[in-house]
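Participant: Just need the whole structure built from these sequences, with the hints factored in.
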Amino acid sequence: MSEPAAPRVAGAEPALRVASLEVRYGGIRAVKGVSLEVAAGEIVTLIGANGAGKTSTLKAIIGLVPAAAGEIHLLGAPTRGVPTHRLVARGVQLVPEGRAIFGNLTVLENLQLGGYVSRDPRRLAERLERVVALFPRLGERLKQEGGTLSGGEQQMLAIGRALMADPKLLLLDEPSLGLAPKIVQEVFAAIRAVAATGITILLVEQNTRLALETAQRAYVLVTGEIVISGAAAELREDPRIRAAYLGEAVH
Amino acid sequence: MSQLLQQIVNGLSLGSIYALIALGYTMVYGILKLINFAHSEVFMVGAYAGYFAATWLGIESMEAAGQAFPLYLAVGVLLVAMASSAALGMAIERLAYRPVRNAPRLTPLITAIGVSLLLQNLGLLVFGPNPRRYPPVLKEVTYELGGVVLTNVKVTIFVVTLLLMVGLQLLVHRTWTGKAMRAVSVNLDAAKLMGIDTNRTIAATFGIGSALAAAGGILFGLDQITINPLMGVLTGLKAFVAAVLGGIGNVPGAMLGGLLIGLSEQLVAGYVSPDYRDAITFLVLIAILIFRPEGLLGVVRQEKV
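Chains as they are written, first to last, in the working numbering: chain F, 1 to 251; chain X, 1001 to 1305.
In case anyone wonders, no lab produced these hints; they're calculated from the structure. Wrong hints could be hidden among the right ones.
Said to hold, decoys possible - Derived, one-sided and incomplete: chain F residues facing chain X with beta-carbon distance under 7 Å:
1) Leu-64
2) Thr-84
3) His-85
4) Val-88
5) Leu-94
6) Ala-100
7) Leu-113
8) Tyr-116
9) Arg-119
10) Val-184
11) Phe-188
Model, not experiment: these values are computed from the prediction. In this text, a Cβ means the ideal position worked out from N, Cα and C, and glycines have one as well.
Facilitator: In structure tokens form, the structure reads like this:
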């Protein structure tokens, strides 16, 4: 497969550059030398089976787990030794797998916490309006505890909470996980709408078909290593992908 | 009837002190799942800090001259004690608990017991083992209302506690620090993802809980007349039971638990026998652990998938 063709202005710094990243848990190497780039304004997807190291890669990017080796450049600066809350202040948000809603806080409080870095009431009010416009269901449930929402609503809340920080780069970990197909369509429509506003997105998905339809470029992770990368449209036609991830018989 | 009212008055003021201390246990537990055994010594140090502040401000000569200690100085003493305990609590977190935060759960627990013993013995060494008479930061005035003896000290204990609790509720629900504390207590990693400096939030939690314990220490000194370096042992334990009774990790629960423990102790002392006043607390503990281990206001939460 050819080198990924990032729609990149010559010399422009990508929003995210990961080089030879390794993540270890005890003696286990979960990520074995992953390199990837996401240019500003792009939607890139990282696909792979369960346990391939997708979540570990995202956690390392945002500093929730340490990088055992390799370099990460995030929004113009290295991340080594920088704690998560400082990276978040730089303009990155992770919507984690399982959504991590604050269950006994109200929907509104969850959203407010998303804007913790800014803490400016006027800006937060503006962003809240935008989030509610994107997810009208959240607007109807602002006073409800986050834990009482359905899975789909919680996913919307998690994305909305991330948007409250007005991020430059959004990392999404399995936004379709455990959701009914109709809700998945709704969530992905919102993700495309968010991307259309110029926010850079790195999307981790097990739903390969959906991920390749949404993203411009893709990386395929197998047991901690990138094995294929390229334009999403090309990967959709790649026989290896079709056989292994799209469940199609290849003739 | 008047005897019952009397016991209730005494119980509420004693319970207020337990409640103030219980808040520190419950806040730290809520955020770190750690039982901070050193908290009872933070309470003791708060009482001593108040003692030394009042002495330094010349309370003894005023007393000798028959002058009352001015109210603004009494408030100053309270603030000095709260600040001293807050600093101590944050130092304990930074030096003793943070290094073992990610160790297996037994390690921080043993660390907490160690810090508690260390501070008890430091207290004996520095303050001396003899009880000290607590200076009359507030000159006692006694009222009698229909056979019930009420002192301004008891009223003050109740009012100060009430004000501090209202303040704490506002802080927890209306400020960014409070929101950060609640977020950290639900999910540490998710709080980091919000951009919250979780180390600072944890330190703030220790600081606030410790300051409340210091207020409890001064009120305890006013109420019980004497203080000693081991005063935290039994009182702290009862406050811990109060936190468990209310539902550990639950702020209103700690308040309720404190008042209930104070009341039950006074009622048993008045109607059964003063010998059983300490035992009742632990009977309550056993009962709650058997019948409602999550505490009165605690809830068993299940994660929605």
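Participant: Now tell me if each hint is right for this structure.
Facilitator: We went through each hint and held it up to the structure:
1. Leu-64: Since the shortest Cβ distance to chain X is 6 Å, the answer is holds.
2. Thr-84: Check passed: Cβ of Thr-84/F comes within 4 Å of chain X, closer than 7 Å.
3. His-85: Constraint on His-85/F satisfied, holds at 5 Å.
4. Val-88: holds (4 Å)
5. Leu-94: holds (5 Å)
6. Ala-100: Hint holds; Ala-100/F Cβ to chain X Cβ min 4 Å, cut 7 Å.
7. Leu-113: holds (5 Å)
8. Tyr-116: Result: holds, 5 Å to nearest chain X Cβ.
9. Arg-119: Hint holds; Arg-119/F Cβ to chain X Cβ min 6 Å, cut 7 Å.
10. Val-184: Val-184/F check fails; min Cβ-Cβ to chain X is 16 Å, beyond 7 Å.
11. Phe-188: violated (20 Å)
When each numbered hint is compared with the structure, violations occur for hints 10 and 11.
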